[in-house]
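Chains D and B, in that order, give the protein sequences.
Mapping of the first sequence onto the numbering used here: position 3 corresponds to residue 3, and the numbering continues sequentially without gaps.
Mapping of the second sequence onto the numbering used here: position 122 corresponds to residue 122, and the numbering continues sequentially without gaps.
To be clear, the hints were calculated from the coordinates, so they are not data collected in a lab.
Backbone N, C-alpha and C define an ideal beta-carbon position, used for all residues, glycine too.
Check before you lean on any hint, since a few could be wrong.
Facing chain D, from chain B, some residues (calculated, C-beta under 10 Å) [said to hold, decoys possible]:
| id | residue |
| --- | --- |
| 1 | 38 |
| 2 | 39 |
| 3 | 40 |
| 4 | 41 |
| 5 | 88 |
| 6 | 110 |
| 7 | 134 |
| 8 | 166 |
| 9 | 169 |
| 10 | 171 |
| 11 | 173 |
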Amino acid sequence: MRKIFCSSILIAGAILAGHSIKPARAQQEQAQQDKTQPTPDAAALTPPPAYTPRPKGAPPAEDTPAQREAIARWKAKAEQATQAARAEHNAVVTPTYNFHYGKKNPYTPGNITVQGDGFIQPGAFPSAEYCGTCHQEAYKQWRQALHSNAFRTPFYRTSVNLLIRDKTRGISFARHCDSCHNPIGVLGGALTEDSKLDRARFDADGLTCTTCHSVLSLDSTNGNSSVQVGVPSALVDENGDRIPGEVPFDMILRHPERHSKAVMHDFLHKPEFCAACHKANLPDPLNDYKFIRAFTAYDEWQLSKFSQRNPLTFYTADFTTCQGCHMKRAAITLPDYGAKDGTLVSHRWLAGNTAVPFYYGFDEQLKKTIEFLRTGNYLNVDIFGIQKVGSDKLIAPLGRVAYNLAPSDAVQAYVVIQNKNIGHSLIPEVRDLYEAWVEFTVKDANGKEIYHSGFLKPDGMLDPRAHSFTNRPVTDEGDFVDNHKVWTIHSVAYDNTVQAGRSVLVRYEFRMPADINGAVTVTAKVNYRHLRQSYLDNIFGKDDHPAYPIVEIASKTRTLKVGDNQPEAPDTADNEDWMRWNNLGISLLDQFQYMEAVSAFNEVVKLRPNYAEGYTNIGLTEIVWEKYDSARRAINRALAIDPNSARATYYDGLLQRRAGNTEKEIADFRKVVEKFPQSRDARRELGITYYQKNDNKAALEQFEALQQIDPDDLTAHYNLSILYRRMGRPKEAAEQQAMFVDKKVDPGAPTYSLNYLRVHPEISTESIPWHIHSDLVDAAGAPQNGK
Amino acid sequence: MENSLNVKMKTLRLALLFIGMLSLSANCHAKNNCPWINEATASGLLGGDAVNEFTEASAGQPAVCTITQAGAGFTRTLRITVEMAPDTHDHWQAALQLCGKNAAPLQAIGNEASMCLLDNHGAGLAELVVGRVRDQLFTITMSTTLKDDLILTKMSLKEKIYTASEQVAGNLF
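For reference, chain D alone in the conformation it holds in the complex (with noise of 0.2 Å):
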């Protein structure tokens, strides 16, 4: 038992959040500060027993006959128990157990699988405990990060328990979650109505090590839990064959080589692994509707600057996986003898959630992730430019230009907020319970407020007209699924996100007060919540918890003087001036104002006339613009600078189909895919180029490389259907051909989003991509300008 503090960034976060706290949750916080919490830490494990590493390079250990024949004997008596322990199990389990996906599906509708023949018991996994005896560092992380924490937390108790009790609906249901929140009861096969099994272990320690430790093979990047996991095993005989279960200590000091060929495996390191779990939709056996993609990081990532994969990225980055990011080495402070020169990967997988920590008291970790977020340097803030209410002429980037500003001075504030350096997009996964957005304040000499977006409400609710990065899934009734009731989810009324390396552009507009003089400051900051409080309401009743930590990502002060305003010399913090402008025009492309992107994109080329990306922004624009003749001028510009540009070769193939020069358009993607050989952009251009030219067999090899790339590519499955029927293969057609329907966008679907649109006409301006923040008002006290 020990006692846990929570430190003072917890009250900063409540006090940050700016809300009144009714007397029950003052007591609350209070009683928050001295609690006491009986998971076990390190602290509670066996001193592991004494190693002394062999030396680098050194030979394994050679055995001699008796030790081999002593763990000959071993592995056979803990095969024999496993067994029996199997058979044994699968007799209780299977004859009460709701299969309610037939009998060769019982873990649908999640996409796990366990080698050999039914149930896995949970015993069969060896402890935390046990794997900590030998990896303090990483089970003392571990205990504290979302992996071990995957089940048990109310936040997820709360939606998976409303499955659970839903009518039409049931536990078999929750496979699906459970599958990558509680893989271990899920195999173990108690998720039915009347479960045989203790639920205590797994239920507590979530995804332990030999979850992930004990996974044989990636069976797709479909998600949904898609792993093969085997018996778990910590040690393999000489021979390379698994012993199951927990074996003596000695036995894998002695062969530690042996240990890691059964727990560690490459595609630990590997962003497919990720995937597994990273990677969700919501099939139809759960919804009874049709596929719909819920997130997925990994192909986030895969389309960033990160993987190296993707040629059309607007920037360009070292290579770096998931685990580059959230499995960063660090030093140990326990012993840990999987550590590599006193270093071990991190077992705390930082990312942006501090409710888990947050609720649990676990301090070290609420810190680490609050660091993480901040450090990062994921996010870059802009306060781009401005521009006076009634004049055409943008003011920027501000700071480098001068400009002047009278009192009553109507103003509009460009802010523009790059995706920079996160590995997916802002904000990933369940982005219907988290909640990013920008709070952007104009306040006088004296800190007067003279605007202010992006407040929180006194009962904690986000303002409702704030710019956020979240989205709004809906009902076929057109209601929010507020309580993230996922099968309900039948479309999605709109998804503010800012994908991996792009920008968005965040226009706010305000009045400089009749009676200033001096200065005004100007802030946007990018605040992140651990969730949204209406979702942290559903858990725990409204008023009737405490205020969850709110963390500043990233911001942007600038002082704007009533008078004339003279150029400065650049923060180091800040983007180049080209950049800036860069990122202006990828904010207004996304925003389909294409004559303002290719004028940014100008400002690009003036200020950089050899970066020959700035040509291709100019030509990838004017393409999407349909001005293909100036288009091609810019594209021929970037190849003049830079032939080998795979990014410039790929619209130069677009407009070579536009001029049709179809012999150029493949020789143009070709060049593309040797480069980029996962390049689904790629892969999908030049497979309809050869459907085009009737080349069925070049294009199936197309069709068949992008499906591997991206399994749920539509492009792909139609084509595939079609290619596959001329080939007379009308099983495989046929098969994509269902897939091809379940997957594509429900053309009804849009109407829900309407039906939810209607009646939240906040939302609904969110939803126009360009839009303004305002409290201007005309002489009646009208709005001015939309918001």
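Following the hints, put chain B in place on chain D, whose structure we already have.
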């Protein structure tokens, strides 16, 4: 003879009726499944095969699960009560009076929870958790009649009741 047969038949009918009423009453009174923790998990916590009796909530009375594991001369019990209570925080504080000054706040159980060792006047050990999930008030008592129980020691009792609390609160969310 006939009379005697009639009496015997009457007695048999009465006995059958009585048994029938008993079993009917038992069916109405007890269900095998406790909604907040299953028998296998409770058995694991109590250290052996346990039997569960569930009583649904009735006017003014909470729903109760009583799970017992009986051995030679001892009984280990896990008792859970759950009731809906408006102004739950106040009810929770009132229920905490059972702990007196010994209540220790418990982290990460429901909206709020506290635990304490109950004074059993030397007859075994008993630990109590009083908690709530939204407007559902729950109490969990884990006890043993053994004075020196090797399974439910003072230390393990705290860990086990925490696990039980996590199961109960998790199912109430």
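Results of checking the hints against the structure:
{"no.": "1", "hint": "38", "verdict": "holds, 5 Å"}
{"no.": "2", "hint": "39", "verdict": "holds, 8 Å"}
{"no.": "3", "hint": "40", "verdict": "holds, 4 Å"}
{"no.": "4", "hint": "41", "verdict": "holds, 5 Å"}
{"no.": "5", "hint": "88", "verdict": "holds, 8 Å"}
{"no.": "6", "hint": "110", "verdict": "holds, 8 Å"}
{"no.": "7", "hint": "134", "verdict": "holds, 4 Å"}
{"no.": "8", "hint": "166", "verdict": "holds, 6 Å"}
{"no.": "9", "hint": "169", "verdict": "holds, 8 Å"}
{"no.": "10", "hint": "171", "verdict": "holds, 7 Å"}
{"no.": "11", "hint": "173", "verdict": "holds, 4 Å"}
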